[in-house]
Every structure is written in structure tokens, then in C-alpha cells.
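*Asks:* Since the structure of chain Z is already known, use the hints to place chain H on it.
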Amino acid sequence: MTNLENLGQVAECDVLIIGGGVTGLWCAIKAKEHVDRVMIVDKGPRDWGGQASRSGGAMVAVVPPNDSVEAFLEDFTYYYDGLCDQELMEVILKGSYDIIKELQKLGYRFITDDQGNLKGVPQRALDHVKCYIGAPFGMGGKNMVACLVEECERLGVERLGRIMVTDILKQGDRAAGAVGFHTINGQFYIFKARSVILALGHSGFKISYHHNTCAGGSIDIGLRAGLEVSNLEFNRVWIMPRHFQWEGQTYLLPLGAKLINAKGEVFMDKYSPIFGTNTDPHFVSRAMAIEALLKNGPFYMDCSGMAPDSVEMVSPKGDEWMALNYHRLKDELGMDFFRDRLEWMAHQRWSVGGVEADAKGQTKIRGLFASGRARTTDPTVYSGGFSLCLCQVLGSITGRCAGEFAKSQEQLPLDGSEIKALKSHLYDSVGKKGIPPSEVLNEVRKTIFYQDVAILKNESSLLKALSRMEEIRTEIVPRMTARDPHYLMKMVEVEGIALVAELFLRASLMRKESRAGHFRADYPERDNDNWLCWIIAYQDGDEIKLDKKPIPIERYPIKLTRYYSDNFAFPRVDHLLFHL
Amino acid sequence: MIQQIDPQKCTGCGICVRVCPLDTLRLDPFQEPYPPCRQRCPADVDVRGFLFYFKQGMLEEAYAFLREFLPFPAITGLLCHHPCEKVCARNAVDQAINIHGMEYYIGTSSVSRRFQSHPLVHPEKIAVIGSGPAGLSTAYFMRKMGYTVTVFESNDNFGGSLLKEVSEKRMPLDVLSAELTSLKEMGISLINRSKLFDVMKFDDLRDLRYSAICLATGFATGLPEQMAADDKSTISVDPVTLETKIEGVFACGGLAGRLSSLVEVIASAKRVAVSIHRFLRKEARRAEKEPDIKKVTRTPRDGIKRKPRLEPDGGLNDRSAEQEADRCMSCGSLAYIAHPEDCMTCFECEVKCPSKAIKVHPFKETLPMTLAIK
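Top to bottom, those sequences are chains Z and H. Under the numbering used here, the very last position in the first sequence is 580; numbers go up by exactly one each time. Under the numbering used here, the very last position in the second sequence is 1374; numbers go up by exactly one each time.
Isolated chain Z (complex conformation) (with noise of 0.2 Å):
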């Protein structure tokens, strides 16, 4: 047998969390309950938290006595048009109002009115989905993740940053550890673990700002562990400034802002008379796309409207990132944000696909759990503040189970030889002649961001970019070589992100009708009788296969009897695709 300290770095622990988020903070705080030795491993610096350490800090909540977990449930039904996992939704909003408690008392401050009630605000004109704000306005993230972080430090968990995990270690169907590299000197890690979650997050395409970091891990690793994932054919498309990123939009329209065509109309007035832009981005880019094939574009945030209280009230302050950009844009580049006319463009920014699991996060493989992002939760339609929601209400429950698992087993022993194998096969790529991997994302973000293929989805674009993406994978993928520690971590991200990119067009190919954040131009009608059901797609020796999963409708406690997208209306543009 070969012996493992010969190949690496070994490190032993209970319960090993992938990804340093708050999903796998509040992992750690609660496995902890149950064992010893936790250990949170992050390929970005030790502690930083993630992705919501850059958010505002509000989340989604059903806060007693104004609120309740039923009328939460119905509204996201008919949001998702149906394409609701009800049971899993129902223990993440039941779970919500504890998560608030507990941040409070770990030192986190949510905004209060003068009673000192909590600050929720309504959400995309849905009737009662509320969203919660912390403190400071639009800048909680941080503080969040210091609370968590600090808690897991009093409690003991391992923290190690800028290690890459590539891969699940198995014994038969039970998780026994997993491998990574440091990405920084190139060490191969080897760990030992009694479970394994997966809390590594979505699988981004890496355009700037906080949705940079998750690329594609989730479903790779996910995948190759044998795991089921679903939901592929929802990507999140979101509007943006063109240039430059602005975070709190969600507070920008309703104090005044105008998002404009060239001709100075609120565009979407005319595709959804009843919500205007108070809705949803992904219907907002998709009148964006229509426009902009009518030749309406480009399109403009116009914030001259806004009442100076209003700019006051939400203008960036203090030293955090935000007062920067926004004092260097309006001092040294001249574009003041609540004076010009300043350009916003959509653009596709993750795969909402996640890994299946049962409402616990445990997996079909025993030992090994997912949390969070990694999971699959919506059909991308997206309510300001859920994120924070699910991955913290996931996250401690997915942590207390794997706790709970970790401590009625023994450590599995790990194969010396597949270890091997591994660890070869990831380092044979470094130091050669090759194609550095920034240029096959270039080449995979190329593939999938047009219009015609990222929201305004048909048969014939979708065809076009799937051949494309194939030859990327044979032809280019294989050729790609890292020439440090650092690149390495690089590939390996890319190959998680051309795989997630082929899945979108395949789901996307497969699903001939319109739901929620999935439009195809070719089939704009929705198919409750087709289509009412998840695609998943599973490892099947050399080939990923899609397959439909019917959504349990008969089960669930809300019916569906009206949907999100009833509320628009958007005209037959196929005919002018063919001249993109």
C-alpha cells in the first residue's frame, strides 16, 4: 500500500467542509455540536467569507407575527412558475427566523423601524415575501461573515485558505475524504474525513465583482463523485452597469430611477404594464434583448429623477468599496451616477444548477452532504436577500446532520493508488506548452453569452453553440496547460466552467417551452404537460445524460394555479434572430 504522507500533505478531521462562505461557516458552528475536529477548507484566503462577504447582508426571512412559512411558500411557487421544490423551500423558510435570532445574538444587526421591529422590504411585486436589511445599509456582508467567523475560532474549527479541493475520496457508496492542492506553493493535500460537504457555492463564468470566485466545482467535483445535478438550463442573467459594478439596484427604481432605451421610454412599461421594471431581471433583460433587436438599445440607468433625501439616503459612504467606485467614476472619470445617463447592459452570470440531496443536504452517497449554492433551489428567477437565506438556514442544517454522521462512523480507509492517480493525472498539465486557460474561458464565455443563446434561447443558436462547445472540450480543454500553482487552480476551474457551459446548452436544447427564467423564442408558451418536471443530468461512464424528474405536484401542499409570467407579454422575435 502506498503511503499517503509520501504523496502529501494528510489531514485528518470529522467533518471536512468545501468552501469558506457563510453556507460552510454555519456548517462548521454546527457540526461541531457533535464533533471535534471540523475543518473548513477555501481555495480563495483563510476567513474571507465567501461571496457574502460583498453583499448587502439582507436576506429573506418569515419574521412572526406579520409573516408566515405558507404565504412565503405560495408566493415563490407561482414566482418560479411552479418549478418550486415545495418541501425544500418550506424547511428553508421554517428555518429562516431562527437563523435572525441566532446572527443577533452572534453580534449582527439587522435595520430596525422606531418600534425596533425589523427593516423587510417587498420583494419583484411579489404580495408577501419580504426581505430583511442589515447593517450598515447595503454593506452587512462583511460584518456577517466577521460574526461567523469569529464564532468558528471560539469554537475551534480548522480553517485553511487557498487550497483547492478537485476531488471526492470514495469507499464504495461512503465519502472517506477528499484531495486538493495549495494553490499558492502547489502541496498536494490529502484529506481524511468522516463526511464531506460540498459548500463550494454556484458555478459562475467569472465576470467581475463578488460572482468572480465559484466556478463550475460544485458540478464538476459533484459529477464525477456520481452525484445527480439539476437545473442546468437556468443561468442567471443579470442587469448591470456596462462598465463599471453598482450593488443595490433593488433599491434604486423604487426612489425614482428610470432604466431607459435610446429613446428615452421605460421599455418595460410596454411588456409588463402592471410591474414596469419593479421585477424580476431576467424578464427586464429579456425585454432588453427584444429592444435591442428593434434597435432601441443601448440602455441607460437614468437616476436624475430621484429626489436629492432619496440620493442622499443611497449614495455609497464610509471607506468601503463602494465610496470608492463611486467617487473615482464621478471625480477622475466624470460619470456621476445620479446625474448621467450612464449605460447598463445584461449580462449571463451563473448556472443556478446545483447537486441533489435530500432536504438534510445529505446525498446518495452516504457521508457526503451539500449546502448552500451547491444545491438547486430555484429556476433562477431571484428574490433579493434568498441567497443569504437558504445558504445560512442549509448550511446549519446541513452541518449538524454531517456532524451527526461523522460521529456514528469511523474513518474509512483511503486507497493509496487512486490517490495516486489522482494527483498525477492533475499535476500532468503544469509547466508544459499550452493553452493558457483565460483564453478558453474567453473562448466558453464567447459560446454562451449572446443574446441568442443567453436569453432569447432557439433551437438554431443553441445547435450552433453546442457544436462549438463540444469541439472546445475535445479539441481545446485537453490542451490547456497551467504554468504555476496558481494557474492550475485557474484550469481547473475553467474545466468546471466549459462542462456547466455544454450542460446549459444541453438542458436548454431539451426544455422546449418557457418557464420562469428559461425563455426559448421558439417555444415562448409554458408546457405544464411536458415540461412540469426538473432536468437532471447524471454521470453515465464516458457521457453525462439528461433526464426528466417530475415535480411531485400531488404532494405538495400549494397548487399551482397562477404563474409569475402571466404577467408579461412578450411579441414573437424568432424571425429576427436570423439576422444577429
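Hint data in this document are derived by calculation from the structure and do not stem from the laboratory. Treat the hints with care, as some may be off.
Said to hold, decoys possible - Below, computed lysine to any residue pairings styled on SDA-like, alpha-carbon distance capped at 20 Å:
| hint | chain 1 | residue 1 | chain 2 | residue 2 |
| --- | --- | --- | --- | --- |
| 1 | H | LYS1359 | Z | ASP331 |
| 2 | H | LYS1359 | Z | LEU333 |
| 3 | Z | LYS192 | Z | ALA421 |
Stated by the list, open to error - Chain H is nowhere near these chain Z residues, computed Cβ spacing over 10 Å in every case:
| hint | residue |
| --- | --- |
| 4 | LYS105 |
| 5 | ASN117 |
| 6 | GLU158 |
| 7 | ASN278 |
| 8 | GLY297 |
| 9 | ILE365 |
| 10 | GLY416 |
| 11 | GLU470 |
| 12 | ASN528 |
| 13 | LEU546 |
| 14 | ILE551 |
| 15 | ILE553 |
As the structure is a computational prediction, the values presented were derived from the model and not from experiment. No residue lacks a Cβ here, since even glycine has one placed at the ideal position from N, Cα and C.
*Replies:* Chain H alone, transformed into the frame defined by chain Z:
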């Protein structure tokens, strides 16, 4: 995207490198100006450099780098009085880095020592008389330069005055034994109960074909009368080359001058090694004047978060050593943009930089556009 790091303002604290979520930045600690710790060290130890490797998780490299300067880091980690800590810039923030603790931790770690093999590159053999810190250090530096070295010790055990440190419980015997083993593994021959010392006749060594001799006995008793200095406890040497009145015979350590500390003894051994090398290579016999050392003028201080110095009983462990090394502000290093294409314009480096050296441009990278605007 990140635009620039102003080298005039950067103090090298390394915070930006640590906080960048995309691992875009790197630190170059190998700058000419000396940080305060190195300025003060008689043995010229590049503390900034070995802690830099350690912080990157490169334990082997940290050990190898430390041994560029020190023959037996575990011993100096315990016994050196560490003047470097008194001048550490971190004193102005909270407390000095536990440099001796780090040295001991790295020196006793079970790191693979394969990099210690130093090929012979010179034909000459060197004899070192005495196996105390001066003799062992001289042997170490000469062996590292590629000479064949033999150490002669008159006693049963090697270590000279280091054995006193063991008997007085300032150092475990294990530590001394391990360092002796590592010197032997380098290829240094150690001969004990050597009678050569008693009947010191330098012609004898010449008969054995040693090309140079270094006396490192610590005291002058038993040495030929003509070598003695006025006070009889030391011998008379050239102040620059440390050569005695007999050509090819050198001296270092306490024998060559009154030295008050272990690290000065090591410095003197290094100096004699360079001097013997020049003698054998027929290079200018007189060592050149020490070059003027450039010094780091601005050390990090403002905006550095306070973190207590870790100095646990029983020494640092894996975890605390990592934390302690992380406290080093790597004074005078320069941060640079190693992977600009990976920047995600998050401003984190600029926000966290205590010396306002970093500027991020608000514009993000150019992406393939999702909307085709005609």
C-alpha cells in the same frame, strides 16, 4: 481592474496579497534594503526571507533558506539572544515577532533535508580544530562552499561549549545530536579523541595534506607560543582576514577575539570561511570593506491590526507557528500585480492597504457582450 501599486508608497506589509480573493497579487521580499531585523543581526540572517517562505506554506524552502545563513537553526533558535527582536518594526504596533521561536520551530521540523547535499567543487581539504559552535559553523560554511572538511575534537563528545548548555539544561541533548547528525549528513567528517590537538604541530597537518587550518578551540592553551596575543587568552590574528601569523592557519570564534554571543561566533566563522576561500582561490587576500548596506526607511505601522505575539510554553506548534509567521510585516518588500487578468475589481486590496499604495480603476474587464447593440 487593479491599476497600480506605487512602489514609493508600498511598505511591503503583504496585506493586499493576503486579502485578494482571486490570488492576483504577489510579494517580493528579496529587496536590497535591509529590514531592521537583518540590519541588527551579526550573522546577516534574512528573517524577512525565511518567514516569507514559511508564510507561503513552503516549509522546505523556509528551512533551506534559513540554513543559507545559519548552520544549526534549532540551536540558535534556543540559545541566541536575538537582537533582531529588539529592533523588530512590529514593536511599534504591538510586540516583536517571535523570531527565535520560528527559528527553533523550523529548525526542528521534520522537513525533508535532501537539498542539503552540497557537491564538492574544490579539491582542497580543510582541517577545523575544535567542535564547538565556532568550529562546527566554520566546517558548515566551508562544506557548503564545496570543500572537504574534517573537524578534530580532543574530547569524547562533540559540541564544545554547547555541551555546557546541555548540562545546564538550556538545551536538550536531542537538539544538539540532531544538528550534529545533519552536519554529518552534509559530508563533514567529525573525529573525536583527536591527539592532534595536544601535540599541535602544524607541519603534521600539512603532512596530512590539509590546505588550510582553522583554529576554533575557544581558548589558546596548548597552542604554539608564537601565535599568542598579548593577553595570552586569545591569539593574534589579522583583523580583516582572521589569519594567524602562520600562513594558511586561521582562527575564529572566541580564540580570535573577545565575542559576547553565539551569533557573533557564527558571524566570525562565516567570515573566516570566506577568508580561507579567498586564500585558497588566490583572490585578494584582504577582505574588501563591508559594502554599505541599504536600509529600509519606511516600515509598516499605521493601520496594521494588533495581534498578540505567540510564545507558548513548550514552543510553537503547527498552528501557532503559522499565526506567528503571519504577524511578520515583511518590511521593505514590494507587492506586485502577478496575475492582472484575474482581478475582479473588488477594491479589497485598495481598501485594506494601510499605506494607500494601491489604485483600482472602477472599470471591469471587457467581456463578450450579451446584448448585440447595433
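*Asks:* Which hints from the list above does the structure break, by number from lowest to highest?
*Replies:* The structure conflicts with hints 6 and 8, although it agrees with all the remaining ones.
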